[in-house]
Amino acid sequence: MTEGRNHIPTTRSGTDVELVIKNAHVLDPSGNLDGVMDVRVAGGRIAEVGENLAGGREIAADGLHLFPGFVDVHAHWRSPGQEHRESIESGSGAAAAGGFTGVVMMPNTDPVVDRPVVVSGLVRRAGRESRVRAYVSAALHVGLAGERLTEMKLLKEAGALCVSDDGLGTQRASVLRSGMLYARSAGLPVILHCEDHTLATGVVHEGRHSALTGLPGTPASAEDVATAAGLILAAETGAKVHITHVSTGLSAALVGFFKKLGIADVTSDTTPHHLTLTDELVATLEGLYRVNPPLRPKKDLNAVREALSDGTFDFVATDHAPHASHEKDLPLEEANPGFLGHETAFAAIYTELVLSGRLSLRRLVEAMSCAPGRWVGEGGGLAVGGPADIALVDLTEEWTVERRTLLSKSENSPYRGRRLTGRVAGTIVGGEFVYNARDIAGVGFGVRA
Amino acid sequence: MRNFLTVEGLNRESLREVIETAQDFASGRFGNDVLSGRTVCLAFFESSTRTAVSFELAARRNGAFVISLSEKGSSISKGESLVDTVVTLDALGADAMVLRHPAAGAARLAAQHTAAAVINAGDGCGQHPTQALLDLYALAEARGGFDELEGEKIAVVGDVLHSRVARSIIPAFQAAGAEVAVCAPATLLPAEAGAWGIPVLDSIDEALAWGAEALYMLRLQNERMTGALVPSVAEYSRFYGVQRHHLSADPELLVMHPGPVNRGVEIAGDVVMDERSLIKSQVAAGVHVRSAVLALATGAVERIAV
Ligand SMILES: [Zn+2]
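The listed protein sequences derive, respectively, from chains A and B.
Each residue of the first sequence is one higher than the one before, counting from 27 in the numbering used here.
Each residue of the second sequence is one higher than the one before, counting from 45 in the numbering used here.
Treat the hints with care, as some may be off.
What the hints assert, rightly or not - Pulled from the structure, derived: some chain A residues nowhere near chain B, Cβ distances all over 10 Å:
#  : residue
1  : N49
2  : A73
3  : G76
4  : H110
5  : G169
6  : E183
7  : S211
8  : A261
9  : K266
10 : F283
11 : K285
12 : G337
Stated by the list, open to error - Pairs of lysine to aspartate or glutamate residues, derived as EDC-like cross-links and limited to a Cα-Cα distance of at most 16 Å, are as follows:
#  : chain 1 : residue 1 : chain 2 : residue 2
13 : A       : K324      : A       : E378
14 : A       : K48       : A       : D420
15 : A       : K325      : B       : E236
16 : A       : K285      : A       : E262
17 : A       : K324      : B       : E236
18 : A       : K324      : A       : E306
What the hints assert, rightly or not - Anything over 12 Å on all C-beta distances counts as not near chain A; from chain B, calculated:
#  : residue
19 : T83
20 : R94
21 : D128
22 : E192
23 : P229
24 : Q265
25 : S292
26 : D294
27 : V305
28 : R320
Derived from the structure by calculation, the hints contain no laboratory data.
Idealized CB from N, CA, C, for every residue including glycine.
With the sequences and hints as input, model every part of the structure.
Here it is in structure tokens:
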């Protein structure tokens with residue numbers, strides 16, 4: 027297995043078993059592969075991609091698509107401290123079921139991941155318990171409080187991949203600026219959750235549905251003002267900045283503008299739910315549909331879709347945010363914000379955007395595998411010698427999202443009850459199956475009933 | 045059983061039915077034991093004197109057994125979950141639950157967890173349906189009947205943004221056939237006030253120029269009167285308060301307010317008690333309307349309309 031920087035080796039990697047995955051439709055935009063082929067895996071790495079390969083255990087993948095494993099730079103596995111919602115074990119199980127082979131864990135846990143000892147503890151636990159490659163994002167400021175810088179150089183030594191004040195965002199521009207300067211010198215990218223708390227006083231998008239329901243609204247400017255500030259400071263400080271869960275048309279345009287100027291080292295993502303759901307859902311007043319940033323109206327949805335398809339957004343991240351039922355089965359104003367994301371990400375986007383012709387499958391694989399894989403420095407392609415991190419997907423399978431079959435500890439999927447097309451059949455990390463819904467060729471364990 | 049969670053979705057005929065049932069209660073047609081044998085729970089997660097007293101009076105006057113839980117007492121401790129309380133009341137055999145809660149959607153959520161009829165007595169900035177029904181009742185009485193509401197032009201004035209009363213009376217008046225406009229400074233209007241598809245006006249004078257025949261004044265909360273939302277009480281009352289000269293200008297003009305009134309802010313002191321202010325009859329209508337709602341919800345009085 028490749029010693030990528032800062033990744034946490036999984037327990038299920040570096041296997042000696044040789045596999046030949048036969049007759050899958052291989053699609054890897056980074057290597058310009060698109061066609062029915064075989065993939066040979068040896069020593070946990072991609073050994074060969076081509077036709078009529080042999081050697082090792084053969085896996086019949088007829089009818090399946092084979093992509094580089096998906097990589098998610100934004101997930102909440104709730105460890106340490108909130109394991110009633112999710113654990114590294116359950117979160118990584120859910121990730122594997124969604125075809126993810128690498129996941130960045132966000133630091134807004136209890137305790138916050140803001141000290142080297144917490145990072146190293148998390149690295150050790152993930153090494154024991156995670157099915158997929160797990161990466162640690164540490165906090166940018168102690169306690170996410172936006173006051174004192176974390177010990178970023180020590181955090182990096184302890185194994186942190188990046189820093190972020192996710193969940194809150196850094197509220198004062200001067201503090202964010204010095205955080206970015208320090209992160210640059212520590213060699214850590216900064217993931218920005220853009221939200222201005224003086225504007226973000228509501229629980230849903232301020233618009234038609236907040237007006238009709240009386241739910242307190244937060245204007246889109248709460249995100250846009252912070253996005254603009256983050257981009258301006260990124261340009262000035264030279265920090266490597268990733269703007270996460272962009273949800274408005276104006277923020278997308280701002281990101282595009284700075285990319286065009288070329289003065290900031292910036293990447294960005296949006297989420298499956300901001301690509302597929304609108305704020306009409308909050309008319310139900312159900313706690314399930316509270317999320318931050320909030321679901322937006324159609325015009326933002328369309329702008330966000332456009333920004334993903336034209337490359338303004340580099341990739342998709344799920345913001346997988348599990349909450350226990352008693353934290354969601356509440357009036358919307360009182361419910362915790364957040365959705366599950368791992369298990370439905372690919373199918374939701376495939377169903378809503380690819381099948382309807384709004385997004386190419388190739389672009390989706392770039393956005394879920396290649397680009398985020400490059401960002402974390404590992405995976406994201408099927409290059410010979412690289413890690414054998416693979417998602418096998420049946421693009422024809424139709425399924426209904428049901429709370430009972432979700433592998434997450436929590437049930438707060440906004441797609442509950444929906445019919446989706448495209449389902450992950452198997453996930454391979456470092457050459458070994460970590461998810462094998464169909465017990466493909468009898469090589470793995472059937473995780474899904 | 046029938047829940048009263050929101051005014052939305054109630055059509056003209058169902059509104060008429062409730063109003064006419066309330067009129068029957070007012071005339072004493074049902075005697076005083078129409079709810080005997082029924083258990084009505086008043087669960088107030090947020091304090092409210094007027095609404096609680098009005099519901100309690102309505103339930104007791106008609107012979108119901110009443111259980112009161114209030115946020116101030118120990119019964120509903122802070123943090124006790126709404127669902128837990130509702131499940132408990134359900135197990136105790138409540139026929140109706142009257143619910144006041146600080147979050148929009150609370151009544152709807154409660155209704156999913158009980159077989160009792162849930163009556164929304166105000167949830168967050170969401171809905172306050174019985175307030176809307178009593179307002180319809182009071183205005184209908186003043187105009188000489190429910191059908192007289194057809195075509196009535198009503199301006200809803202003040203803090204529309206934070207008002208569950210506004211969110212209930214706008215669809216209720218519309219369903220009754222009235223024409224409704226909102227009138228407030230932009231800071232007290234929802235970002236998309238156009239969501240209701242009604243005119244947005246900027247002063248009482250504009251409302252009168254639009255042809256308003258009734259002004260429905262919303263209460264301005266103290267914390268919103270100064271500072272970032274309204275520059276000063278003086279400026280607010282000058283542009284959005286009803287003055288004597290407004291009444292003089294139009295002999296048909298009626299003034300309504302859900303109470304309690306900030307005298308001199310929403311309504312000039314000498315206008316509050318004017319005969320063209322419906323405030324007192326709104327309060328009186330409250331008990332009749334709530335009697336009707338409890339009786340219809342528990343099935344004590346048979347419904348006519350669907
Ligand atoms: Zn975030």
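*Numbers of unmet hints, in rising order*: Hint 21 alone not satisfied by this model.
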